[in-house]
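Chemist: Those protein sequence lines, which keep their order, are chains H and F.
At position 68 of the first sequence (counting the first as 1) the number is 68 in the numbering used here, and the numbers step up by one without a gap.
At position 135 of the second sequence (counting the first as 1) the number is 135 in the numbering used here, and the numbers step up by one without a gap.
For the record, the hints were derived by calculation from the structure and aren't laboratory data.
The C-beta atom is built at its ideal place from N, Cα and C for all residues, glycine as well.
Be careful, since some hints might not be right.
[Claimed, not checked] Quick list of the computed label-pair ranges, beta carbon to beta carbon:
| hint | chain 1 | residue 1 | chain 2 | residue 2 | range |
| --- | --- | --- | --- | --- | --- |
| 1 | H | 279 | F | 168 | 37 to 43 angstroms |
| 2 | H | 295 | F | 49 | 15 to 21 angstroms |
| 3 | F | 36 | H | 154 | 25 to 31 angstroms |
| 4 | F | 163 | H | 295 | 37 to 43 angstroms |
| 5 | H | 102 | F | 36 | 37 to 43 angstroms |
| 6 | H | 53 | F | 168 | 56 to 62 angstroms |
| 7 | H | 314 | F | 112 | 37 to 43 angstroms |
| 8 | F | 127 | H | 118 | 49 to 55 angstroms |
[Stated by the list, open to error] Stretches of chain H that chain F covers, calculated by requiring three or more beta carbons in the stretch to come under 8 angstroms of a beta carbon on chain F:
| hint | stretch |
| --- | --- |
| 9 | 76–84 |
| 10 | 270–284 |
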Amino acid sequence: MLIIKKTSDIKSSEITDKEVFLQRRRFLRAAALVTGGALAPGLILPSSASAGEKLAGVRKSAYRVDDKLTPYEYVTSYNNFYEFGTDKSSPAKLAPKMKTRPWKIAVEGEVNKPGVYDIDDFIKPYVLEERVYRLRCVEAWSMVVPWVGIPLGDVIKRFEPNSRAKYVAFETLYDPEQMPGQEPGLFGGGLDWPYQEGLRIDEAMHPLTLLGVGLYGEVLPNQNGAPLRLVVPWKYGFKSIKSIVKMRFVEQQPVTTWNNAASSEYGFYSNVNPEVDHPRWSQKAERRIGEDSWFAPKRPTLMFNGYAEQVASLYAGMDLKKYY
Amino acid sequence: MVVNPQALAVHPARSITSVQWLRWVIKPILFVVCLLPLAGLVWDGVHENLGANPVETIRLFTGDWTLRFLLITLAVTPVRRLTGWNVVIRVRRMLGLFAFFYAALHIISYVWLDQFFMWDLIIEDVYKRPYITVGFTAFMLLIPLALTSTNGMVRRLGGKRWQRLHQLVYIIAILGVVHFWWLVKSDITEPLIYAIVLALLLGYRLIWALRKA
Numbered sequence: 001m002l003i004i005k006k007t008s009d010i011k012s013s014e015i016t017d018k019e020v021f022l023q024r025r026r027f028l029r030a031a032a033l034v035t036g037g038a039l040a041p042g043l044i045l046p047s048s049a050s051a052g053e054k055l056a057g058v059r060k061s062a063y064r065v066d067d068k069l070t071p072y073e074y075v076t077s078y079n080n081f082y083e084f085g086t087d088k089s090s091p092a093k094l095a096p097k098m099k100t101r102p103w104k105i106a107v108e109g110e111v112n113k114p115g116v117y118d119i120d121d122f123i124k125p126y127v128l129e130e131r132v133y134r135l136r137c138v139e140a141w142s143m144v145v146p147w148v149g150i151p152l153g154d155v156i157k158r159f160e161p162n163s164r165a166k167y168v169a170f171e172t173l174y175d176p177e178q179m180p181g182q183e184p185g186l187f188g189g190g191l192d193w194p195y196q197e198g199l200r201i202d203e204a205m206h207p208l209t210l211l212g213v214g215l216y217g218e219v220l221p222n223q224n225g226a227p228l229r230l231v232v233p234w235k236y237g238f239k240s241i242k243s244i245v246k247m248r249f250v251e252q253q254p255v256t257t258w259n260n261a262a263s264s265e266y267g268f269y270s271n272v273n274p275e276v277d278h279p280r281w282s283q284k285a286e287r288r289i290g291e292d293s294w295f296a297p298k299r300p301t302l303m304f305n306g307y308a309e310q311v312a313s314l315y316a317g318m319d320l321k322k323y324y
Numbered sequence: 001m002v003v004n005p006q007a008l009a010v011h012p013a014r015s016i017t018s019v020q021w022l023r024w025v026i027k028p029i030l031f032v033v034c035l036l037p038l039a040g041l042v043w044d045g046v047h048e049n050l051g052a053n054p055v056e057t058i059r060l061f062t063g064d065w066t067l068r069f070l071l072i073t074l075a076v077t078p079v080r081r082l083t084g085w086n087v088v089i090r091v092r093r094m095l096g097l098f099a100f101f102y103a104a105l106h107i108i109s110y111v112w113l114d115q116f117f118m119w120d121l122i123i124e125d126v127y128k129r130p131y132i133t134v135g136f137t138a139f140m141l142l143i144p145l146a147l148t149s150t151n152g153m154v155r156r157l158g159g160k161r162w163q164r165l166h167q168l169v170y171i172i173a174i175l176g177v178v179h180f181w182w183l184v185k186s187d188i189t190e191p192l193i194y195a196i197v198l199a200l201l202l203g204y205r206l207i208w209a210l211r212k213a
């Protein structure tokens, strides 16, 4: 995981700024504590659960790529979260005011145990895991993020979906008072709120699919989708819906926000695929935020964002140019 | 800052002429002012203050300023007619060339920083992506205007023909706004503002032409 470089190999542009460095130190210390400590589930989220607070009881998962982590500063300041404005910098400015406690998650549809759960009860039965995943945005940039979360599959099993549950639909909070981007625009033209996403049930049950509650060992900052978000590393970032308030198990493929807004540009599947271009961006290559030099070509994008070995079988026999 | 050069010619013995005023004061100041956006960008670049995706920041910034300079250039004639400040026509060429300058930086940032001279990808972009097609077309159309901006070229082409050629700028500005509009994913507020300003500037010309006819 750690790559040790000689001093002479390190360009000044690669040197992490102090704040990030300190955060990383704290994180590593916490990780060390955890490794030596008890792995008891149950005492997970700090009671106030505000962004940046240390998460206890995090187990390091084997699901981690060796790529260099994107600095915390960039992961938390360069965000697409249109509920807080379309500028990449707006969410970091406007989201921190959002209240993430109390927070309810409704589980509905084709399950034996539907209900409305408090976020803390929702998370409590599970051990938090840290997983280092690549994140590939449909806009041809990418990051490497150490998420903290729980496998969605484990959560789904607990609600006992029935045989009609072919898809899972997710919904983000709708609250224009807290999410200024949801206010009707001066000229219209925004997205239909609330934001909706969906996965096929086998995608949702896949061991790589994560429900995120933190990053860099800390409680998820609001701009990154607190208190609960989806992380599906082999799909374009917009599939990983943020600030989830509802999970609905359904028989038909659910409506998803971007697909609804521009179906020729954003498919339901939206698997990372360098062979299928977005009409406005080539998907062949990507810029790794905070790492790739300004004066270097973009790096090639990998099929399924590098997770082909794990997920390609989900799509065996499907024409991925048609089901993009 | 707008100075009426005639006002300075009241005491010809003591003061510089209006031509000198234009050449040695107004134009150099305007030149520096037009470079300020670039200076700000370079400053932020040197101080690593261009955010998580500097290449994107540079691309958007130079694109914004290209559109702004196009609109500022197109505002010269209406401003002159509405205010009677004839001096503004004397700086129109400089403003137009700055539009070209920022457009060139925009293209360079795309070809160099964004695509790193991957010509196959660039050609594919121009061919396949409508917003890039129109943006590229707009830049291609700007080139002859920049090349024929000298006094010598005006003479060589003749005023009428030169003017006809330079009316291309109306099309270029429209393509520029369309380029921005098609690039935006969902919130069209910003391109709409540019479109409204452009519509006012072109609409003013239309009304002027109709009234003269």
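Chemist: All hints, please: hold or fail.
Modeler: Going down the list of hints, with the structure as the test:
For residue 279 of chain H paired with residue 168 of chain F, a C-beta distance near 28 angstroms fails the hint of 37 to 43 angstroms. At about 18 angstroms, the beta-carbon gap between residue 295 of chain H and residue 49 of chain F stays in the expected band of 15 to 21 angstroms. Roughly 56 angstroms separates the CB atoms of residue 36 of chain F and residue 154 of chain H, a value that falls outside the hinted 25 to 31 angstroms. About 42 angstroms separates the C-beta atoms of residue 163 of chain F and residue 295 of chain H, a value consistent with the hinted range of 37 to 43 angstroms.
In this structure, residue 102 of chain H and residue 36 of chain F break the distance hint of 37 to 43 angstroms, their C-beta atoms being roughly 50 angstroms apart. Distance hint for residue 53 of chain H and residue 168 of chain F: a CB-CB separation of about 59 angstroms, consistent with the stated range 56 to 62 angstroms. The supplied range of 37 to 43 angstroms is met by residue 314 of chain H and residue 112 of chain F, whose beta-carbon atoms lie about 39 angstroms from each other. Taking 49 to 55 angstroms as the suggested C-beta distance range, the pair residue 127 of chain F and residue 118 of chain H conforms, at roughly 54 angstroms.
Counting residues of the stretch 76–84 of chain H whose CB lies closer than 8 angstroms to any CB of chain F gives 3, so the stated coverage by that chain holds, three being the minimum. With 6 residues having a beta carbon nearer than 8 angstroms to a beta carbon of chain F, the stretch 270–284 of chain H meets the requirement of three or more and the stated coverage holds.
In this structure, the earlier hints numbered 1, 3, 5 are contradicted, and the remaining ones agree with it.
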